[in-house]
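Given next are the chains, with one letter for each unit.
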Amino acid sequence: MSTRITLAKGLNMGLRKAMEDDPKVLVMGEDVGKLGGVFRITDGLQKDFGEDRVIDSPLAESGIVGTAVGMALRGYRPVVEIQFDGFVYPAYDQIVCQVAKMTYRSKGRSPMPMVIRIPFGGGIGAVEHHSESPEAQFAHTPGLKVVACSNPVDGYWMIQQAIASDDPVIFLEPKRQYHADKAELDESVTPDPLFSSRIVRAGTDATVLAYGPTVKTALKAAEAAAGDGVSLEVIDLRTLSPLDMGPVYDSVRRTGRAVVTHEAHVNLGMGAEISARITEECFYSLEAPVLRVGGFDTPYPASRIEEDFLPDLDRVLDAVDRSLDF
Amino acid sequence: MSTRITLAKGLNMGLRKAMEDDPKVLVMGEDVGKLGGVFRITDGLQKDFGEDRVIDSPLAESGIVGTAVGMALRGYRPVVEIQFDGFVYPAYDQIVCQVAKMTYRSKGRSPMPMVIRIPFGGGIGAVEHHSESPEAQFAHTPGLKVVACSNPVDGYWMIQQAIASDDPVIFLEPKRQYHADKAELDESVTPDPLFSSRIVRAGTDATVLAYGPTVKTALKAAEAAAGDGVSLEVIDLRTLSPLDMGPVYDSVRRTGRAVVTHEAHVNLGMGAEISARITEECFYSLEAPVLRVGGFDTPYPASRIEEDFLPDLDRVLDAVDRSLDF
Amino acid sequence: MEPSLSHHGFGPDLAEVFGPSQMAGSPSGALGLVQLLTPEGERVHHAEFDRDFGAEELRGFYRDMVLTRRIDTEATALQRHGELGIWAQLLGQEAAQIGAGRALRPQDYVFPTYREHGVAYCRGVDPLNLLGLFRGVDHGAWNPKDNNFGLYTIVIGAQALHATGYAMGMQRDGVVGTGDPDRDAAVVAHFGDGASSQGDVNEAFIFAASYNAPVVFFCQNNQWAISEPIERQSRIPLYQRALGFGFPGVRVDGNDVLATYAVTQAALQRARDGQGPTLVEAYTYRMGAHTTTDDPTRYRLSDDLEHWKLKDPIARLEAYLRRNGLVDDDFVAELKVEADELGHHLREGCKALPDPQPLSMFDHVYTEETEEIAAQREGYARYLESFEGSRS
Amino acid sequence: MEPSLSHHGFGPDLAEVFGPSQMAGSPSGALGLVQLLTPEGERVHHAEFDRDFGAEELRGFYRDMVLTRRIDTEATALQRHGELGIWAQLLGQEAAQIGAGRALRPQDYVFPTYREHGVAYCRGVDPLNLLGLFRGVDHGAWNPKDNNFGLYTIVIGAQALHATGYAMGMQRDGVVGTGDPDRDAAVVAHFGDGASSQGDVNEAFIFAASYNAPVVFFCQNNQWAISEPIERQSRIPLYQRALGFGFPGVRVDGNDVLATYAVTQAALQRARDGQGPTLVEAYTYRMGAHTTTDDPTRYRLSDDLEHWKLKDPIARLEAYLRRNGLVDDDFVAELKVEADELGHHLREGCKALPDPQPLSMFDHVYTEETEEIAAQREGYARYLESFEGSRS
Ligand SMILES: Cc1ncc(C[n+]2csc(CCOP(=O)(O)OP(=O)(O)O)c2C)c(N)n1
Ligand SMILES: Cc1ncc(C[n+]2csc(CCOP(=O)(O)OP(=O)(O)O)c2C)c(N)n1
Ligand SMILES: [Mg+2]
Ligand SMILES: [Mg+2]
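Residue numbers (the working numbering), protein chains in the order written: chain A, 1 to 326; chain B, 327 to 652; chain C, 653 to 1044; chain D, 1045 to 1436.
To be clear, the hints were calculated from the coordinates, so they are not data collected in a lab. Hints are supplied without guarantee of correctness; some may be wrong.
No more than 25 Å apart at the CA atoms, straight line, and that leaves these computed lysine-lysine pairs for DSS-like [claimed, not checked]: (1) A/K47 with A/K17; (2) D/K1189 with A/K24; (3) A/K107 with D/K1189.
Covered stretches of chain A, going by a simulated chain D footprint (3 or more residues, C-beta under 8 Å) [unchecked claim]: (4) 57-63; (5) 66-74; (6) 107-117; (7) 138-149.
Cβ coordinates follow ideal geometry from the N, Cα and C atoms, glycine included.
Using the sequences plus the hints, can you model the full thing?
And the structure:
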């Protein structure tokens, strides 16, 4: 049975599936009930699973995550929705000091099977705080796992896998893609493991690493480069903590060049870690330093110039050129 | 006039000087008044400057930083003390969404001349949350400046310079050093600019980069290495955002090798960014990848094994050896 | 034999305890909301908050509300036409905002949310300046110091702490409780019913109470936080929250500009006098959607809206003014012209708002630009130049 | 003619409004604290919370408090001897903790701070297990599920939300309001007076009220948050905070184990019955330092301490028991032996607590170890081996 779905639909179907499969799965957040979330990712869930399992919370992110910690201690598997990336910070303390550390603190006796869903990234013409990319901060925090989906089919599978994980997962959803492209979902296949990266386009001249919203950009860049006779390999990292670097090292050893792209600020973004690791592991294979294409090191600007702030096809190609010319 | 002072004393004297020089300077935080702070850094200030300028706050970090934002908007220059590194997170939202962005949001009309002092790092045998190194998260945030002092004399000057800055400064103090070594303070010299790194020991075989508590470790390592005929250059980074990479690049171009050490988790720590930048800028000078020696990617462990978690002389030397053998 | 607390029902018991006053912490006062003008436009009296309003003043309120509504409908239309990315409508909240805005003195200071267009108007901010952030050309175009009106704050509740800190600054500046009406100042922190659940807002109550800061917490309870009804945030009337923190709370009819003005003014005066914070709950209703991207039909009944239309803040003042011969058709017609001019100003001005230059993205990250930012700016400038105007 | 709110003084007015009851939200009750035993050890009666206590029960409370104090003094001594890195003393808070701890049923669940050694003892946690985190050998050695007693929480206030969420889980599990005393359950969230200022605690009040969660907020107001007096956190009695959130608050003499027991039990029963949250403020005093590293002489008067010594929780119960012939010298002597044994257990046990293995640092970062952690573990193991036991 195969259907064409958007990312929003994939996530919605995945959530529904997880709730059907396990009565301990709960959804919590602002406006997740009747409204179905501001992006409609939880559309219809409260109607079908009731107010006890799809919980409209008071307007307080620390409260949402903090009560979810209690729910998890009681044996539930809460899936928390943060309405927009920029509003996760009031919950930051609960996430880094409680959610991330509970398993460690308790020597594994009190695991935190919690998923914190965050629509992230820019490009939707929004006002301040609605286009942030906070992943590096979470990936820097031991005890959290961090993943980012980039397409409808991954959305469907990854959300279920994240919910099934006994470790807390920060689940990043590229909001710009929610209602963009459709893809074919075949529910009968076995999905890749959650914490694995994936080569989404094979190539030989340079490796482009991306995740979430920039996967599409990277693929478009590869398409354009192909027209110029340059063959780019594109890897969708998918998991940001842990990183699945095996396929990345293999690729860079073949191509000798790597470009990492993400919307988050370059300074101390995921690209920094990936660059450091590639250099450590592939030192003698590198023909050029790993180059990084990301959001600039400014606060997210007014949306009319956000496409200048965000990495795009041209900036990725520019970095590829610089790498090739190095 | 020259005196021998500890880091705690240097900071205390610097704060006092800043308060004398500018009546707009305020100190706010938990227990900063009568008690003089749990580390006594604000000792005696309330007695001399009064309760209006040295403000014991209710137990709420978001409240402290949030009201400090209001004070700054009113023209004051608040110096906020966070009692321990691990307790900065309730204020994280105010710091990254308000303190960091106000200048940008207002096009420079509402600057945030605020200093947020954080005793950071481990090694004092404390319980959970008292030994964290949160610097990378702040350095990743545009709009914040982040510095770390490593010795008494710098403590004295840097706190004054941070207070004089019209930009918000996260001011990291290596708590393990507060009452450790004494140093000679000569108030008549002109201090280095705040946002500059400094070569603290010249050498030729490899460059060791450190800041805050690991500067001492790096210097000890250099001392030990010298005994084995290995000449290490040690740079105290001092400023983490912006980074002052000029002296670092110069040094690495000479030595061809770099090791970065900090107490924060290696994954996405400052070392990642520094490694990425050095590789970008000094690609053809590098004889080995930049190596990183930091806290492991686990939550901070029980204090009886914290010295295993923290980088020490031996682990720095081990990395130097690996770099030299590469 | 087990003693039990269980015989206490909450609603009724608390009401008993709070006594008949709408003012928590006050022994006197009439039942229910503070109201000076009924939905039908009848002037009613109130033991605690009544005052006389001159004809000019009343017409002023009316004009303010009509123009504020025009700003709102014009901006909504601009959003529909693609000129704004989003707009946060205030429809129905005009009286709450004009009442609060007009109670201010020049030296007072306001910390708004993202919906305080009426208060901005009262402060003298050109409404065109409000459109920039909704259009996406800036994050706030006005200088807070020009009108003592802070920038819009989008992170819910954050500004309540800023307001409290600012008020603490006023205390240190010696502009509280001096008795000089041109000197004594206070701060208003605006927020919504939903915001009352945020830690920051509750911490602001704690700091304000602890330092007795001159701040008025002005909560527009418009019954909704996007799709969530007020019941999710509080099971007792919101103004009573103040009781738990040891300062007065008062519920005023937020669709009654006279009552809102009177209550806010009293609360401000209290603050200026050095008597500390007050929570004012302006009980109103969000007649529009949360923002232009919201679809309220998914979560609320149209009946509700119909019910509240009968309480329209503008209609009720107009009824009163007409009944008392304080406005006539000429006045209304002239006001219509004025509103049309304002509409024109907004439409033309909005379309003419220039897009920012890409390189302006690097401006004002810091007061002193760092070499890092300078390098990124230069790099991007060179990169842009490399396209010679032909960038895809 | 300006109406003003300024004639309201806060303290007195609020007291008027709250009425004579110590129970905010309650129309009845005696003046002041709930108390069943005076500092002199006189049994007094209370209209709302009185109950009969059997001799066995009374001796039990006494024994509990004596042993709890022994745990505390023993741990303090261990710290002085360098066996613990730090210790958070509970001296003076024994009645508050035993009263609260003994009111629990097995199926109830407790979220402690870092000072709830007496409650831990009531739950059956071996006191030796408490020492690990203060010694620095672990972050909490007991399994929360064994005794329904959570791990100590050091970030102030965080656990209030965990408690509320846990209570919401109980609601979903159908163990609230069934009427079955072996089934119905509730949660206690412990925190201090200082913690009442944290956003998290106030948000916990909001969530608990909104969902009517079966949670008792048990605040030990020991008058100090390190060096800051209670006045910095609240200008009205803390139990009244609950009023602002729409659930009952009650102030009990936290140095009176009988009253604390009775009030907590009633609040727990209310929660188990499905009637929602209660705030219990146990009014007590931190007779020791904040922790063994604190120096209270810098910020408080020794007079205060002397004053509170007269209210010692153990002395008062002993006076009552002796006066009524419920304990004799033999009982006290036997208890002394028991306490000495406990002291011995703690001393010997503490010194024998093994230091963790360095490589255990990599355990339990995740439930499923990642390759990254495995690699770091292996790398460090190899590194350690390279020293062949000769590491500096
Ligand atoms: C911290 C934070 N969380 C979530 C949001 C998203 N959000 C924007 S407005 C809003 C509802 C606010 O409701 P209320 O406080 O009642 O104000 P109103 O919009 O009704 O004026 C929400 C949840 C936000 N802006 N900030
Ligand atoms: C979020 C946070 N901020 C600061 C601290 C440091 N700290 C530890 S205990 C304490 C005082 C707590 O006072 P209170 O809540 O009254 O509890 P008590 O210690 O009196 O039992 C402080 C400020 C902390 N642990 N967590
Ligand atoms: Mg609202
Ligand atoms: Mg206390």
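Quick rundown of the hints versus the structure:
1. A threshold of 25 Å between alpha carbons decides the hint, and for A/K47 with A/K17 the separation of about 15 Å falls inside it, so the pair holds.
2. Note on D/K1189 and A/K24: the hinted pairing holds, with a Cα-Cα distance of about 18 Å set against a maximum of 25 Å.
3. For a cut-off of 25 Å, the pair hint linking A/K107 to D/K1189 stands: about 13 Å separates their Cα positions.
4. For the region 57-63 of chain A, the stated coverage by chain D is satisfied: 5 residues place a CB nearer than 8 Å to a CB of that chain, which reaches the threshold of 3.
5. For the region 66-74 of chain A, the proposed coverage by chain D is satisfied: 9 residues have a C-beta within less than 8 Å of a C-beta in that chain, meeting the threshold of three.
6. Evaluation of the coverage hint for the region 107-117 of chain A: fulfilled, as 5 residues show C-beta separations to chain D shorter than 8 Å, against a requirement of three.
7. Residues of the region 138-149 of chain A with a Cβ under 8 Å from some Cβ of chain D number 3, which satisfies the need for three, so the listed coverage holds.
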